[in-house]
Amino acid sequence: MTYFYELGRSRTLAQNAAAQLRTAMAVYLVIYAIGGLLAIILPSLVGEALALPPPYGGIRPVGGLILLVAAFQIPVLQNAVRSRVPALIATCGRVLMALLWLIAGRHFLWIALFEIVFAILLAWLLYKCMGAELMSRP
Amino acid sequence: MPVEWYEKPFVAFEKALNRFRPWHAWPFPIALPMLVGIRARMRWSNLFNTERQPATVPSSTPNVRSERTADGSYNDLNVPWMGMAGARFGRNVPLERTFGEAPPRLFEPNPRDVSNRLLARKEFVPVPFLNVFISSWLQFMVHDWLSHGENYRPEEAPPYEIPVQSGDWPVNPMTILRSRPAPAEAGDEDRPAAYKNIETHWWDSSQIYGSSLARQMMIRTDPQTGELCPDGKIGLKPNGHLPLEKEIQEVPDAEGVRFPNLELTGVNGNWWVGLSAMHTLFAREHNSIIDRLKLEYPQASGEWLFQKARLIVAALIAKIHTVEWTPALMNSPEGKIAMRSNWWGLLGEHYARAYGRLNELELVSGIPGSPTEQHAAPYAMTEEFTACYRMHPLMPDEYSFRSYSDDRHIATKSLIDIARRNVPGIYDEVGFDNVLYSLGTSNPGALVLHNYPNQLRMLPEKSGMPNEERLAQGLFTDLAAVDILRDRERGVPRYCEFRRQLGMSAPTNFEELTSNATWRDEIKALYPTVEDVDLLVGTLAETWPTGFGFSDTVFRVFILMASRRLKSDRFFTTDFTPDVYTQAGWDWIQQNTFRSVLTRHCPAVAPHFADVRNIFFVWPKAGPAGAVQ
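Those sequence lines, one after another, are chains R and W. Under the numbering used here, think of the first position of the first sequence as 1, with each following residue one higher. Under the numbering used here, think of the first position of the second sequence as 1001, with each following residue one higher.
Isolated chain W (complex conformation) (with noise of 0.2 Å):
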């Protein structure tokens, strides 16, 4: 199928001012129409499958017209298996394009050495403008779309080994598991290994409910009673918290480890404080949800209310997302109206409040409520957004915990400190509210090199290992160094051939890839060509387009995929209506963006984010006398 007749326009546009410049360096009515072509050439150029034979489907139920099934199946009704969790990511690039890469090139550079001299820390580069809740978001939202699961365990495949020098690393050689590549079906052959994601591909709040029927049964279960809460609730704590997992059942994460002590939600893997804050919050906004339906639908029942709220949550995350977080990190005008315009449409949130949509186009009224597409290839998240998703230098290595009443210090902490089954503890040492209120009141890192934090260069593996035991085993992960690796693996071209095949320049020499001349030289004594930098290094390194917190080359990949994940999903497109969703939820989703979800959870921190414009944005800190400053 090609371009729609009103994109074509807009592609030819793009494709001759590309030749002179990129669309962020035209002023701002030259640079909109540009990322009009581009988001429409990339729906048919940079979409590919990599399913061969469908995943085993389940038999459907009565309700997938108006309900999302647990494990993601059915939402295109046509072709069921589509984004259900087990699915295989599919690609940006051609096929041809991704096949891993092979010793010796899977190693050159050391994985090791790029993150020493490339990635790690020196210094705390802070983003002045941000808060944390950025970094705790993203990772929210990540767990909600991917998770490769489990590795191959040692004794299934042996782990790549990677030199290191004496005394850089507890161990020599440093070891990271393989990844475990999805089985090799027929027709597969000649094809790159693919992989399988383990949750549901689709925004549907996965992270909160689960991806498997199990999984939410568990998370509907009230704590005290061990049954399941009978009004469609989560099961939280009398005090508003999430219960700890072995208090109901101890089960695998999305991982396939199993952390005891953990908050139970539908993923808790990579657990921290802030992801913690994030999960919390929209488990007491589900429960607020219910409440609001009950006094609409009080003879309905518990199943149906549970729907209901999982749906107006997921689409007030993906409005969240899409209006509030990414316009934070595109802090321009281009950046906001191509966010905004994805919700709303051109004709902006005012006409689309008081009016709904004029027309069927995404670009007059917004993609909620249009017709959905899935372009050149059946939805399924891919190996190159997981690839510009890594985005650790956001996370800072060390956390001050103060008072949202004086800013008095409570105390300062590690990421480690934080983590984990560490979290209940810092919630009844500092206090809920204090956590929000510290979390928005500190800078994310930047991302940029020499910015990666360096307690995830040196994580440990397992929790409750004494350090000398976990040393002398090296059950220590470098994250940055598998971040590389990772890439590498799963065959995503490295940082040149990347761009060539987003349609965009690559760089020729290494002067072009920065304007950094000290990273300059680091990189060029690291790679023997600029066609071999990483692409993870590549996108750090890059001058980004003007109220960015983020490079163009990985804006290209997210505003395919930020659109994708609208279009695709029949729950915001064809099905987004208020018969769906009921008029009470329809009205939820539009009143309603992350401030006003902190409003109502936590208004005792209300005032320290009134003024700011973004949510997303630090808040000025208390005064001595409680007075915000």
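Excised from the complex, chain R in its bound form (with noise of 0.2 Å):
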């Protein structure tokens, strides 16, 4: 990692950083709730996509549950720094539904796929973002 000694460049690297994790959590969080949005739109798609044996009862509340654990994240979408704990507890999360979804395995390997990128891009960034805002401080 690049550390400067002067403030405003620091401040410059700090903010930079987090615009990156900003930008990637929009990204993520978009197709996080496209997903959950079809999910509770058009069950019987979602539920063909993922090979699932209808009826598809159960995909609705589970497109709920997404959208909701998308709208927690958004205080870390807003900043990251001041939502550190937070940031923190959804990147052991999605690691944690990586895991589930690798279980789960068939269909459900895209997902994991999808979550296992997004939790080391965003696992990283979120390091990056914070080792500056840190070395932006005395």
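I should point out that these hints are in silico values taken from the structure, not numbers from a laboratory. Owing to the predicted nature of the structure, the values given are computational and were not obtained by experimental measurement. Some hints here could point you the wrong way.
[Stated by the list, open to error] Below, computed lysine-lysine pairings styled on DSS-like, alpha-carbon distance capped at 30 Å: (1) Lys-1524(W) <-> Lys-1122(W); (2) Lys-1294(W) <-> Lys-1237(W); (3) Lys-128(R) <-> Lys-1008(W); (4) Lys-1413(W) <-> Lys-1237(W); (5) Lys-1008(W) <-> Lys-1319(W); (6) Lys-1015(W) <-> Lys-128(R); (7) Lys-128(R) <-> Lys-1319(W); (8) Lys-1319(W) <-> Lys-1237(W); (9) Lys-1008(W) <-> Lys-1196(W).
[Stated by the list, open to error] Reference listing, derived: stretches of chain R covered by chain W, where coverage requires no fewer than 3 residues with Cβ under 8 Å from a Cβ of chain W: (10) 3-15; (11) 132-138.
[To be verified] Stretch-level coverage of chain W by chain R, calculated; a stretch enters the list once three of its residues show a Cβ under 8 Å from a Cβ in chain R: (12) 1140-1151; (13) 1294-1301; (14) 1323-1332.
Note that beta-carbon positions come from the ideal geometry of N, C-alpha and C, so glycine has one too.
From the two separate chains plus the hints, produce the assembled complex.
So, in structure tokens, the structure goes:
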């Protein structure tokens, strides 16, 4: 990681790192929210895509749950530095979810892949963001 | 009392991973819990009491609950002598390992040879990102914490005689006075010598206010009238500088030496312009705090105002040291978070300022305001801590004074030229703001071998004596040789044993000691085995953790003692409240930093440090037209 001795450059570095995290987080949450909405609006489509046996009555509540989980992450999207404890919990949650999807297997492996990719990416960006923020202080 | 329940996993974690590599060789998320584990372990394994029979404690005053006493007593209300001036230094290694070395080992290898061949500055090695405030602040702090006081006079105990080579020193042998140990008490028979700290051990700004009531009254005396300042201020001259001691009354300094014409403050030993600047700034800060308190409490007495301002200054200085000075020397995420969490906890500054403490856990919400805890021994500064703070290489030999407006050269001075009674003359010649600018834009020396200031290796012992006479009598001190000898004399283990006692791995050969091949050969030529290497030499030869300005060995002692200075002190823990400090004082501590102190008292130089992240990083120099480059 690069650190600067000047306040202005350090702050810029920290702001850039926060912006990168915010962008990746936004992409992740949008995809996540779309998945949740699809599950609520078109449960049969989601059920067929995941090769689940009908009926698909349980998919709607899961979609609602996904939207709720996405909503919980909005404070992290707004300011990850101030919401670092929720950010850390969310990071751990993503890894846990990825493991669950992996265990579920079959078509859920695509969701597991999505979770793993974003878990690694967001964890790395969060680490960079925290480091840059910390190193912008005296 | 065992390690706290929540710290046990950290101790186990550190113990497990330390077998493979030290904390600084691991990535940040692993290094951080290891640091927590190291500190928790050391609090129960590396604190030892030397006090046998508590010192006589003067009777209490009615206000000990909410005011610091002049001599440091009654900080701990159950153990009033703890940390007071005159109490013994503690230890960081078991007492049976701290017997002072006796001849011939005491002189092996010859301290003067170590000074000449390993420590002497060949060429100034700077720390390119730090400024000289680093060294002046360090000395400012050390004067707060400790002083061994007067050594034995030659007529009381024969000085150590160090043979020197012909022409190497004005007289042969070189003599070094013996340390004066604390008088032995009942039960001391089989124990190593202990030494008294003549300053208060606490982080109470005794360097500003003195460690006795008599000294404190002198500081509070108005140099114009000779009377006590009625509103509790520190007596300053009309130009905002400290008065000279002779203008009021000449008294011995902390070392018992009388130096007339030194500026008057709590401790003015080893005085030089950088140290004077710190004292001047914080004397002004004290008076600014009084002005603020007077607005809130117009009816308050001068005594009450003084005592509250003292509390606030001490806390502000502790905060600056914790979250500004130390992180400047430990410029890595691990170093920063270790120190910032000492003050604010892992929840951080924003949370602490917005919501206060979440709970009593220091890890979560910081040490200030958490419960007081002495851990394994009553609070005391330690001999090992003293040894680790031997950081004289930070001092340059030469100082260039320049104008803050255009960087115009004003004067170049040697260290001796800007020391002792020469200080007021420097202010007259250069100006206070220019002195600050010059210190802020100059680099300190690096803590490495071959970087010990040569002027401190031939330091004139007395002022005012013609040099020829001084040479004839050999009245010089090689401070580097003294540093080496003192550690041996006071039983501070040598480097390898010191590391083992701190729970670190020790090098088994010279190759493991340092990665610098030249130094390795030089050390090998002087020391028979790696086990004989002195602590100071080892720590200066060691490879530092990334971003650090000192070795991991001394860092281990710092991480223990930096938190202990806060955690043991009632005024930083249970009584660190707005009730004791006043709401105005509390806010002052929360809102101020060294940057704001400098800005308040020297606004003209503020543009030069406006863009430095840490005030102890080197400031950009002024451009030809006054613009900051």
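Evaluation of the provided hints:
Distance check on the hinted pair: Lys-1524(W) and Lys-1122(W) sit about 19 Å apart at the alpha-carbon level, within 30 Å; holds. At roughly 21 Å between alpha-carbon atoms, Lys-1294(W) and Lys-1237(W) fall within 30 Å of each other, so this suggested pair holds. Among the hinted pairs, Lys-128(R) with Lys-1008(W) is consistent with the structure: their alpha-carbon atoms are about 29 Å apart, no more than 30 Å. Simply put, Lys-1413(W) and Lys-1237(W) have alpha-carbon atoms about 25 Å apart, close enough for the 30 Å limit, and the pair holds.
At most 30 Å may separate the alpha-carbon atoms for a hinted pair to count; Lys-1008(W) and Lys-1319(W) meet this at roughly 28 Å. Taken as a hint, the Lys-1015(W) and Lys-128(R) pair is honoured in the structure, with Cα atoms around 28 Å apart against an allowance of 30 Å. Taking the CA atoms of Lys-128(R) and Lys-1319(W), the gap is near 27 Å; set against the 30 Å cutoff, the hint holds. Of the supplied pair hints, the one linking Lys-1319(W) and Lys-1237(W) holds, its CA atoms being roughly 28 Å apart against a limit of 30 Å.
For the hint pairing Lys-1008(W) with Lys-1196(W), the CA-to-CA distance comes to about 34 Å; that exceeds 30 Å, so the pair is violated. A count of 7 residues in the segment 3-15 of chain R with a Cβ less than 8 Å from any Cβ of chain W is obtained; the coverage claim is therefore met, three being the minimum. With a cut-off of 8 Å between beta carbons, the segment 132-138 of chain R has 5 residues touching chain W; three or more are needed, and the interface restraint holds. Counting residues of the segment 1140-1151 of chain W whose CB falls under 8 Å from any CB of chain R gives 0; the rule of at least 3 is not met.
Counting residues of the segment 1294-1301 of chain W whose beta carbon lies closer than 8 Å to any beta carbon of chain R gives 0, which falls below the threshold of three, so the coverage claim is violated. Figure legend: the segment 1323-1332 of chain W, annotated as covered by chain R; annotation consistent (5 residues with Cβ-Cβ distances under 8 Å, at least 3 required).
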